[in-house]
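Okay, here's what each chain looks like letter by letter:
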Amino acid sequence: MLDFTPKEIKKLTGGVINPAKTCQPIGAMYAALGIHRCLPHSHGSQGCCSYHRMHLTRHFRDPIMASTSSFTEGACVFGGGANLKTSIKNVFAIYDPDIMAVHTTCLTETIGDDIPSILSSAEVPAGKVVIHANTPSYVGSHITGFSNMTKGIVTYLAESAKEAKKEQVNIIPGFVNPGDMREIKRLVKTMGIKSIMFPDTSGVVDSPMTGKFEMYPKGGARVEDIRDSGNSKLTIALGSFASTDAAIQLERKCKVPAKTLKAPIGIKATDELLMALRNSFVREIPSDLEEERGQLVDIMTDTHYHFHGKKVAVFGDPDIVIGLTEFLLSLGMIPIHVLTGTPGNAFEKEVKAMLLQAGLKANVKAAGDLFEFHQWIKNEPVDLLMGNTYGKYIAKAEDIPFVRIGFPILDRSVHSYMPVVGYKGAMRLIEMISNALLDRQDRDAREEDFELVM
Amino acid sequence: MGVNEKNIDAILEAYPAKVKRNRKKHILIKDSTQGRQELEANTRTIPGIITNRGCAYAGCKGVVLGPIKDIVHITHGPIGCGYYSWLTRRNKAATPEDGKNYMTYCVSTDMQESDIVFGGEKKLTRMIDDVVEIFKPNAITVSATCPVGLIGDDINAVAKAAQEKHGLPVLSFNCEGYKGVSQSAGHHIANNGVMEHIVGQGDLTEAPAKYSINLLGEYNIGGDGWEIHRFLKDIGYHVISVLTGDGSYETIKNAHVADLNLVQCHRSINYIADMLEKKYGTPWLKVNFIGVQSTIDSLRNMALYFGDEELIRRTEEVIAREVARIEPIMEQYKKICQGKTAFCFVGGSRGHHYQGLFAELGIETVLAGYEFAHRDDYEGREVIPDIKPDADSKNIPDLNVEPDRKFFKLKISPEKAEELKKTIPLGDYKGLIAEMNDGHLITDDLNHYETEELIKLLKPDIFASGIKDKFIPQKMGIPSKQIHSYDYSGPYAGFNGAVKFAEDIAMGFVSPTWNFISPPWKDKPLLEGSIQKEGH
Numbered sequence: 331m332l333d334f335t336p337k338e339i340k341k342l343t344g345g346v347i348n349p350a351k352t353c354q355p356i357g358a359m360y361a362a363l364g365i366h367r368c369l370p371h372s373h374g375s376q377g378c379c380s381y382h383r384m385h386l387t388r389h390f391r392d393p394i395m396a397s398t399s400s401f402t403e404g405a406c407v408f409g410g411g412a413n414l415k416t417s418i419k420n421v422f423a424i425y426d427p428d429i430m431a432v433h434t435t436c437l438t439e440t441i442g443d444d445i446p447s448i449l450s451s452a453e454v455p456a457g458k459v460v461i462h463a464n465t466p467s468y469v470g471s472h473i474t475g476f477s478n479m480t481k482g483i484v485t486y487l488a489e490s491a492k493e494a495k496k497e498q499v500n501i502i503p504g505f506v507n508p509g510d511m512r513e514i515k516r517l518v519k520t521m522g523i524k525s526i527m528f529p530d531t532s533g534v535v536d537s538p539m540t541g542k543f544e545m546y547p548k549g550g551a552r553v554e555d556i557r558d559s560g561n562s563k564l565t566i567a568l569g570s571f572a573s574t575d576a577a578i579q580l581e582r583k584c585k586v587p588a589k590t591l592k593a594p595i596g597i598k599a600t601d602e603l604l605m606a607l608r609n610s611f612v613r614e615i616p617s618d619l620e621e622e623r624g625q626l627v628d629i630m631t632d633t634h635y636h637f638h639g640k641k642v643a644v645f646g647d648p649d650i651v652i653g654l655t656e657f658l659l660s661l662g663m664i665p666i667h668v669l670t671g672t673p674g675n676a677f678e679k680e681v682k683a684m685l686l687q688a689g690l691k692a693n694v695k696a697a698g699d700l701f702e703f704h705q706w707i708k709n710e711p712v713d714l715l716m717g718n719t720y721g722k723y724i725a726k727a728e729d730i731p732f733v734r735i736g737f738p739i740l741d742r743s744v745h746s747y748m749p750v751v752g753y754k755g756a757m758r759l760i761e762m763i764s765n766a767l768l769d770r771q772d773r774d775a776r777e778e779d780f781e782l783v784m
Numbered sequence: 007m008g009v010n011e012k013n014i015d016a017i018l019e020a021y022p023a024k025v026k027r028n029r030k031k032h033i034l035i036k037d038s039t040q041g042r043q044e045l046e047a048n049t050r051t052i053p054g055i056i057t058n059r060g061c062a063y064a065g066c067k068g069v070v071l072g073p074i075k076d077i078v079h080i081t082h083g084p085i086g087c088g089y090y091s092w093l094t095r096r097n098k099a100a101t102p103e104d105g106k107n108y109m110t111y112c113v114s115t116d117m118q119e120s121d122i123v124f125g126g127e128k129k130l131t132r133m134i135d136d137v138v139e140i141f142k143p144n145a146i147t148v149s150a151t152c153p154v155g156l157i158g159d160d161i162n163a164v165a166k167a168a169q170e171k172h173g174l175p176v177l178s179f180n181c182e183g184y185k186g187v188s189q190s191a192g193h194h195i196a197n198n199g200v201m202e203h204i205v206g207q208g209d210l211t212e213a214p215a216k217y218s219i220n221l222l223g224e225y226n227i228g229g230d231g232w233e234i235h236r237f238l239k240d241i242g243y244h245v246i247s248v249l250t251g252d253g254s255y256e257t258i259k260n261a262h263v264a265d266l267n268l269v270q271c272h273r274s275i276n277y278i279a280d281m282l283e284k285k286y287g288t289p290w291l292k293v294n295f296i297g298v299q300s301t302i303d304s305l306r307n308m309a310l311y312f313g314d315e316e317l318i319r320r321t322e323e324v325i326a327r328e329v330a331r332i333e334p335i336m337e338q339y340k341k342i343c344q345g346k347t348a349f350c351f352v353g354g355s356r357g358h359h360y361q362g363l364f365a366e367l368g369i370e371t372v373l374a375g376y377e378f379a380h381r382d383d384y385e386g387r388e389v390i391p392d393i394k395p396d397a398d399s400k401n402i403p404d405l406n407v408e409p410d411r412k413f414f415k416l417k418i419s420p421e422k423a424e425e426l427k428k429t430i431p432l433g434d435y436k437g438l439i440a441e442m443n444d445g446h447l448i449t450d451d452l453n454h455y456e457t458e459e460l461i462k463l464l465k466p467d468i469f470a471s472g473i474k475d476k477f478i479p480q481k482m483g484i485p486s487k488q489i490h491s492y493d494y495s496g497p498y499a500g501f502n503g504a505v506k507f508a509e510d511i512a513m514g515f516v517s518p519t520w521n522f523i524s525p526p527w528k529d530k531p532l533l534e535g536s537i538q539k540e541g542h
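Sequences listed follow chains E and F, in order. Heads up: the first sequence begins at 331 in this note's numbering, then just goes up one per residue. Heads up: the second sequence begins at 7 in this note's numbering, then just goes up one per residue.
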């Protein structure tokens, strides 16, 4: 398995091997699915759209709908205006969404299609909306694409009616699973605060089996709620990479103050989210949440000997990895290889600062790939690997216990329904980590060392 | 029987006029009284229609080149294309003796904005250098993606220079995603490159053993190719190369010496099959190893081609042995499947191939079709002279080959070939429509809307297609079987494959999970108890 990855660090000069990221449009497609009755539209060749739908479908095991402009060579020469206008006409006539969210690909960005001017001359039925975001695949990653579409949502939809702001909070949850979005909404609701979350894919990509196919499932942020986000008192952006741009756009456009927090993974980041809500809305933390937190600390203490001092290698999307690294540190674990495929100095800065504070030194890299990550592990072996499905090849090659977290997870189910955020999500993470480590201990134990109670 | 034109028109009524006119030509009700029925295919996709199609890059790198295991395949483009074609098609590959198997690696130039602005040729050159140093592969391919053609990166020149520098084959493929109208263009582009730069590069001058064959258009999804290999070997065939499932540069380069080429997937590999005949004098035979009877027919046709008594005897022995072994097992699954109906909408060949296997289980295929097949795959190769190239496919170059001066050898005499053509599909393929029963539907480039409407109209018991539409019928309570990825099962080819398929399909029908769709409170009135009391 991965036999050609050398132990001696070989730096690549011409690109990446085994990426730890994918391209922008899939993030934009995912964000657009988080709007109720929205059809994402990929303005480019149809191959992109198929790949993105396929990949999201495999992660969520639910239908992922999106249309495409289906470029041919002719459109590359003459521009894709006609393709997009035809698409808009056909989509509304045949599929009747309330809103179409257009994103671009490397093809349409390279030829320089001017989407706003194409949209201005397109036939959009009365009461329907078409929004767009530019999502060039050769910039950033799928997280950048999520961020760009979320910003596009604000640009097109958010409105502020009057000066006085409502007692409600906007939450931009970042590129997380619907299970996470549900959990974040539950926390805010338990605090007794009204919230508008967008994008919100809960109820869209985790829809129930009812015997009926719904092209536009019940879930998704309502357009009228997104419009109303301009009247909120505060926007909380969870994860700087995925969510900050949209929050700042909302601040600029509608004067809603923006606050960026870490993705609420682990105890500290969840505490910070609740504290931010408490301070802005002057609310006592309800006893239910205090009880949950107490349970989490109880579990952390009960089981600390399972994971304390264990070396961990973590990779994935920047906001998730930053939150996760902080949590690993609060468990007494030692993250020694931390990597994201998404470019951005902020990642290295933030992770290094956390590690420095904990007195640890580690390999930390943004815009890295799994080829390099694997070489790090060969040089400094770890007790645990955490990351998306692609990590399983490294886990097998190096025989490391493996916990799946992040996007995409293509080889296991249920994960998208269950949170990794909040106190509940932290409990689940501890369970996953402990199970992985203890299963390994059981597997390797000599018969006389095999234990009943652990 | 079943559907009529009015049903179809009613469905198409929802379309804008232009779309309706277009789509009508891509849907056909089989009617054998009409003689040859024409179906429009391989035309551009309607924008916004929600097609299932992919692109030329997927057809070239993803389908044909990717499975060649001892070659490192470099994607020249932004990260997505390489990423999405990384381990997502289940073309299995065993590591050969030289250890060179690169299937788990995704190599991409990961183009950035500066590469789009200033060109990515230098970066590609560096990536080839990196790859040579790290992997020492037997060859390298470079596949272009959408922006590469637009910014004018000359990947052919880069590849040529790298080949000279490193002394190993570096093959470039201009399979930009916008070429043609579907994956099909990519197959053609890949075929040209494989034919020009790999086949014939080996130094064998004649077949190394009796009954030497190549298996073309078999990608070893879920181990299909291995199962086929198993009984071919038992019969006494020598498989020189497989294009391209579990294939290698080292074996494909000697494909020119085979006595016969078998064509499993006609769409993706017929170009090479034709060219092998012209260049090396090797005829090809259409086979279908999906389904027990199709497998038996294919084996018998192969034996007839060689016309050798011993081979015919071995063929019948192996058939008898395999059938005796699997028939009792198939029987129990048939009981579950009997009388059911299926949709079978898959890429460019399985929409046809699986019908026989479904029929063996007692399942009738009431709708079949392809994403990206051409008219010859539907109507048979005899229509090829009538197919007019349109603006979208004209720019896919045809590779013109001449008889090879060194290796050309007529494997059988023209007279014998003509004689054989009367009984076996030598150099011929009759297409999907011929196999369908009257009254059933054939659909080309089926889209989401039609899928949903046709499910409502025909109410199939099982929906066989791909991952993007799998969960749609499933939400409706209809079992859904992926015929691309086999739902991570397989093999489905050959004798063992038929059993595995039957087991999986039957499992889909009998799974207790379907019984829970409706919650018990949906059909139990809330006040049941008290109403009864009052009435008492």
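Hints were generated in silico from the structure; no laboratory data involved. Just so we're clear, the structure is a prediction, and the values are computed from it rather than from any experiment. Ideal Cβ placement from N, Cα and C applies to all residues, glycine included. It cannot be assumed that every hint is accurate.
Here are some chain E residues the structure puts well away from chain F; computed CB gaps all over 10 Å [unchecked claim]:
id: 1; residue: 337
id: 2; residue: 342
id: 3; residue: 344
id: 4; residue: 394
id: 5; residue: 405
id: 6; residue: 419
id: 7; residue: 420
id: 8; residue: 466
id: 9; residue: 492
id: 10; residue: 497
id: 11; residue: 557
Covered stretches of chain E, going by a simulated chain F footprint (3 or more residues, C-beta under 8 Å) [what the hints assert, rightly or not]:
id: 12; segment: 369-382
id: 13; segment: 529-541
id: 14; segment: 750-760
Taking the hints in turn, this is what the structure says about them:
Even its closest Cβ contact with chain F, about 12 Å, leaves residue 337 of chain E beyond 10 Å, as expected for a residue assigned away from the interface. Remark: the non-interface label on residue 342 of chain E conflicts with the geometry, its nearest Cβ contact in chain F lying 5 Å away (cut-off 10 Å). Non-interface status of residue 344 of chain E relative to chain F is broken: a Cβ of that chain comes within 10 Å, the nearest being about 3 Å off. Annotated as non-interface, residue 394 of chain E brings its C-beta within 10 Å of a C-beta of chain F; the closest such distance is 7 Å.
Its beta-carbon lying about 7 Å from the closest one in chain F, residue 405 of chain E breaks the requirement of being farther than 10 Å from that chain. In this structure residue 419 of chain E is not separated from chain F by more than 10 Å, as the shortest Cβ-Cβ distance comes to only about 6 Å. Not every CB of chain F is more than 10 Å from the CB of residue 420 of chain E (nearest about 4 Å), against its label as outside the interface. Non-interface call for residue 466 of chain E relative to chain F: violated, since the shortest CB-CB distance, roughly 7 Å, does not exceed 10 Å.
With a least CB separation of 38 Å from chain F, residue 492 of chain E remains clear of the 10 Å interface cut-off, as annotated. For residue 497 of chain E, the shortest C-beta to C-beta distance to chain F comes to about 37 Å, beyond the 10 Å cut-off, and the non-interface label holds. Even its closest Cβ contact with chain F, about 25 Å, leaves residue 557 of chain E beyond 10 Å, as expected for a residue assigned away from the interface. Counting residues of the segment 369-382 of chain E whose CB falls under 8 Å from any CB of chain F gives 9; the rule of at least 3 is met.
Counting residues of the segment 529-541 of chain E whose C-beta lies closer than 8 Å to any C-beta of chain F gives 4; at least three are required, and the coverage claim holds. Here's how the segment 750-760 of chain E fares: 0 of its residues keep a CB closer than 8 Å to some CB of chain F, so the rule of at least three is not met and the hint is violated.
Hints 2, 3, 4, 5, 6, 7, 8, 14, counting from the list given before, are not met by this structure.
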